[in-house]
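Visitor: The chain contents come next:
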Amino acid sequence: MTAFTKNRKFSEAITGYLFISPWLIIFTIFSVISLIYAVYLSFTSYNLLKPPQFWGLEGYQRVFQEELFLQKALPNTFKYVLIVVPIQTALSLVLAFAMDQKLRFRRFFRTIFYLPSVTSSVVISLIFIWIFAPQGIFNQILNLSVNWLDDPRTAFYVIMGMNIFTTSGTLMLIFLAGLQDISPSIYEAAQIDGANGPQTFFYITIPMLRPVIFFVVTVGVIGCFQVFDQIFVMTAGGPLDSTTTITYLIYKWAFRDTTIKMGQASALAVVLTLIILGVTILQRRIIEGSGSSAEK
Amino acid sequence: MKSPFKFLSVLFIAALLLAACGPSATPTPEKIIETVEKQVTVKETQIVEVPAEKTVVRLSGWASSPSETALLESLLYKFSVENPDILVKYEPITGDYKQALLTSIAGGVEPDIFYVDIFWWLELASNDVLLPLDDLMSASGVKKDDFIPSLVDAFTYNGKLYGIAKDFNTLGMFYNKALFDKAGLAYPTDDWTWTELKDAAAKLTDLSDPNKPVYGFCTPPDPGRFPAFVFQNGGAVMTSDFKDTALDSEAAIGAAEFYTSFRAENIGAIPSDLGEGWQGTLFGKGQCAVVYEGGWLIPYLRDQFPGTQYGVVMPPAGPKGEGNLIFTVAWGISANTKNPEAAWKVVNFLTSEASQKTVLESGFALPSRKALQNSDYLKNNPNSAAIFNGSFNGAQPFFWGAVGSDVNDQMGKALERVFKESQPVADAMKQAAEAIRKAMK
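Protein chains in written order, with numbering that gives the first Met the number 0: chain A, 0 to 295; chain B, 0 to 440.
Derived from the structure by calculation, the hints contain no laboratory data. Possibly wrong hints are sitting among the right ones.
[What the hints assert, rightly or not] EDC-like cross-link-like pairs, simulated, lysine to aspartate or glutamate; straight-line CA separation at most 16 angstroms:
1. B:K429 x B:D152
2. B:K419 x A:E66
3. A:K251 x B:D95
4. A:K49 x B:D127
5. B:K440 x A:D240
6. B:K437 x A:D150
7. B:K142 x B:D152
8. B:K437 x A:E65
9. B:K440 x A:E65
10. B:K181 x B:D152
11. B:K440 x A:E57
12. B:K429 x B:E249
13. B:K419 x A:E57
All figures in this text were calculated on a predicted structure; none of them were measured in a lab.
Make the full structure from the sequences, and use the hints.
Guide: Put into structure tokens, the structure is as follows:
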């Protein structure tokens, strides 16, 4: 009997693995192996044309001596995260709260708000290029003549605005799920105690949503640290490097420069991973530390 | 009953998986079709003729337009008729060509013949990725003298030739005839100088209509335009050994002063001032009366702005004579090719006078053979002739050594800082030179 179940369990496991194997193979080849290989490359000098040569920490040293990294990519990336994450989190929370009320046309609005998230980022980028062109609709409505994407002072903010616009839909959906998880009896109790709308929102909704907020902020921070495609399409890091972020710099070193610096680019990729890891751990501490009542 | 079924289903899934993995191992979908065909022929007929012995040569390049691809395919068809023993497989790359090529080299699966852009060719030659062509060339009796000298020099490294220029472009001065007529100016000629250019720009500028201002001359912060002025002023972008930049020399700073003066005096503009990314569009719209562009503007105007009356002459000479930029792409052969002779045969065929004449007459590109200078086509097309002839006097390849992308970046940024942040020209050029020197370390 036991032998039979063991055997059965074993063959079930095999079947299970076979079912997930298409994904597993792709994941191993394109994620696990490439990740390990990238870490290896970060300790080498590699121009794609000659085999990689080991050079220890030289690549990391070069990253930290590079002005483009220290003066542009690093501060730009942090600026991006610090501006985009709070705004998109707050905006999506408010949107979710509004969509949770018994409004007319609720489904219609939910679809509208979610639509940008399912549209290709390249398409959205192109739309924004046209909206913010010198003769674009934005300038025409406000009667301005600013060349938004070609001015080092404004280009980055346009990209930030666009990303807030596109991601808040997805985040709203996550918040909505979280909101519907909160038991109506708590709201009823609050109502009986005489709490008004804002009080319910700040003292019940937000604390109850803490785990969801942690999830949304974490996903947002990671996504923001990795912002690439919109910059690639809209500004290619310009004007005057004002939109160069760490991921764009990695791409530039790995593929754009005349002399390919694959090793140095991999080193920066590892540095970025460590930054994201550090920030996520820090964030977990802060959010968990500030109250564990709502922890599930 | 159950277990054999299970075993079979496992086998079935495994077979599916193997089948799914199969195609990804072969680089192109065409290959699969071919092996299938061969198997069929082997089964049906007993006699297998040439295919098995055919030398296969893979050829790759970017696909710039369907009609250009069709032209290359027709040339390759002619080749296959003349050389039945060689099978040329054309594998065009869409998307980022350099990225695709370099990764295929890194993986050891690069094509035998591929496009090599002047801007990064040396990176390939100095890493022994390209085959020197001198021996193959002399063995088949092809002379270097038959090609335009500057194009031969452009692909020569350590005395050896690593690529045969496929075609090229230089900068021509495109001028809008209607705007010249309106301003009462005579059309420019090949012997204009900077002085005439500046005078004309002042007279051509007409800002009376705020919705459609017309500027005399457009000066984009583009590293593919500005260096012509540096050469015309006797300067250089890089020193002759490419070990240092010369952008902070007096000649280069002087050229930048002149180049940026048009916009400073409100008789010139950069494309983004007028809400466009490219001055070619502004030329077509009649908002830039004069632009420096390559031969690619000719088909663009024909397609997008067919009514434009324009002419092309060589860029005006500066204080130190003529100067121009050469943009060119060569056929290179991989150093790892198993069939260098067959690959050379293909390259030789594609760069032969007959093939190049076909390319020239199609109007897509200017091929690299000197003899074409006297062709009927150029006699009948003075605009193309101006671009062709630009390659002879004072023209230098668009190539700045191993840090080329940094040089381009910095040159563009220096001009942008002058245009957008009003940085003094000399400071901007010095800052660019410093940044380039740092990148070289």
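Visitor: None of the hints should be skipped; say for each whether it holds.
Guide: Evaluated hints:
Of the supplied pair hints, the one linking K429 (chain B) and D152 (chain B) is violated, its CA atoms being roughly 29 angstroms apart against a limit of 16 angstroms. Between K419 (chain B) and E66 (chain A) the CA atoms are separated by roughly 21 angstroms; this puts the pair beyond 16 angstroms, and the hint is violated. With a C-alpha separation of about 13 angstroms, the suggested pair K251 (chain A) and D95 (chain B) falls inside the 16 angstroms cut-off, and the hint holds. Taken as a hint, the K49 (chain A) and D127 (chain B) pair is honoured in the structure, with Cα atoms around 9 angstroms apart against an allowance of 16 angstroms.
For a cut-off of 16 angstroms, the pair hint linking K440 (chain B) to D240 (chain A) is broken: about 21 angstroms separates their Cα positions. Taking the CA atoms of K437 (chain B) and D150 (chain A), the gap is near 26 angstroms; set against the 16 angstroms cutoff, the hint is violated. At most 16 angstroms may separate the alpha-carbon atoms for a hinted pair to count; K142 (chain B) and D152 (chain B) meet this at roughly 14 angstroms. The hinted pair formed by K437 (chain B) and E65 (chain A) meets the criterion: a straight-line CA distance of about 9 angstroms does not exceed 16 angstroms.
About 11 angstroms separates the Cα atoms of K440 (chain B) and E65 (chain A), which keeps this hinted pair within 16 angstroms; it holds. Straight-line distance between C-alpha atoms of K181 (chain B) and D152 (chain B) comes to about 43 angstroms, which puts the hinted pair past the 16 angstroms bound. This hinted pair checks out: K440 (chain B) and E57 (chain A) have alpha carbons roughly 13 angstroms apart, not beyond 16 angstroms. Our distance criterion of 16 angstroms between C-alpha atoms is met by K429 (chain B) and E249 (chain B), whose separation comes to about 10 angstroms.
Taking the CA atoms of K419 (chain B) and E57 (chain A), the gap is near 36 angstroms; set against the 16 angstroms cutoff, the hint is violated.
Taken one by one, the earlier hints fail for this structure at numbers 1, 2, 5, 6, 10, 13, listed in ascending order.
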